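Numbering (our numbering), first residue to last: 1 to 143.
Be careful, since some hints might not be right.
To be verified - Restraint ranges, calculated between C-beta atoms of paired labels, are given here:
1) D48 to T21: 27 to 33 Å
2) V102 to D44: 29 to 35 Å
3) G80 to K50: 25 to 31 Å
4) A55 to N132: 51 to 57 Å
5) I2 to A25: 25 to 31 Å
6) D133 to Q107: 27 to 33 Å
7) V113 to K78: 22 to 28 Å
8) T52 to R143: 53 to 59 Å
9) Q75 to E115: 27 to 33 Å
10) W130 to Q105: 46 to 52 Å
11) L91 to T139: 28 to 34 Å
12) R143 to Y63: 25 to 31 Å
Because the hints were derived from the structure by calculation, they are not lab data. None of these values were measured; they are calculated from a predicted model. Note that beta-carbon positions come from the ideal geometry of N, C-alpha and C, so glycine has one too.
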Amino acid sequence: MISRREVVTAGVLGTLATSGTAEAAATQQAEAQAIREGLNALGDKLIDLKTTVEALRGNSMSYGNVGVVKTRIEQYAKTGGKFPDFCDIGLGVFTDVYDWHVRNQQQINIVRVSERMAIQFMFTQLILRWENDLNYVGTPFDR
């Protein structure tokens with residue numbers, strides 16, 4: 001049998017324990033909410049960082065002047081039915097194409113064509129023309 005003292009003591013201690021537990025639960029919920037908000041803010045910052053890095057890096061085929069070269073090659077391929085053999089480019093375009101190869105871990109094929117240098121881009125030899133503007137991209141041509 002349970003004595004009267006045990007019932008009263010258990011009731012009083014039970015009331016005290018539940019009020020302490022309710023406060024502790026409220027504190028834990030507040031801390032959990034703060035952690036959740038912090039993690040959400042961190043996730044948003046990581047998404048912003050990723051967006052910024054991607055903007056700096058650029059789309060792989062739109063990086064620098066590579067997009068201009070790609071457009072000229074596409075136009076030639078649509079009209080001629082094949083990729084061009086050659087295309088003249090300026091020094092800035094040459095370095096952008098070189099950087100594109102490095103960024104995408106593609107093999108870099110640079111050769112000498114008479115007194116010029118050429119870099120292989122897809123199926124086309126891009127011939128460096130020192131005397132032209134840095135961003136010069138000529139009309140693609142065959143032999």
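Hints, one by one, checked against the model:
{"no.": "1", "hint": "D48 to T21: 27 to 33 Å", "in the structure": "40 Å, violated"}
{"no.": "2", "hint": "V102 to D44: 29 to 35 Å", "in the structure": "32 Å, holds"}
{"no.": "3", "hint": "G80 to K50: 25 to 31 Å", "in the structure": "40 Å, violated"}
{"no.": "4", "hint": "A55 to N132: 51 to 57 Å", "in the structure": "29 Å, violated"}
{"no.": "5", "hint": "I2 to A25: 25 to 31 Å", "in the structure": "28 Å, holds"}
{"no.": "6", "hint": "D133 to Q107: 27 to 33 Å", "in the structure": "28 Å, holds"}
{"no.": "7", "hint": "V113 to K78: 22 to 28 Å", "in the structure": "26 Å, holds"}
{"no.": "8", "hint": "T52 to R143: 53 to 59 Å", "in the structure": "45 Å, violated"}
{"no.": "9", "hint": "Q75 to E115: 27 to 33 Å", "in the structure": "28 Å, holds"}
{"no.": "10", "hint": "W130 to Q105: 46 to 52 Å", "in the structure": "28 Å, violated"}
{"no.": "11", "hint": "L91 to T139: 28 to 34 Å", "in the structure": "18 Å, violated"}
{"no.": "12", "hint": "R143 to Y63: 25 to 31 Å", "in the structure": "29 Å, holds"}
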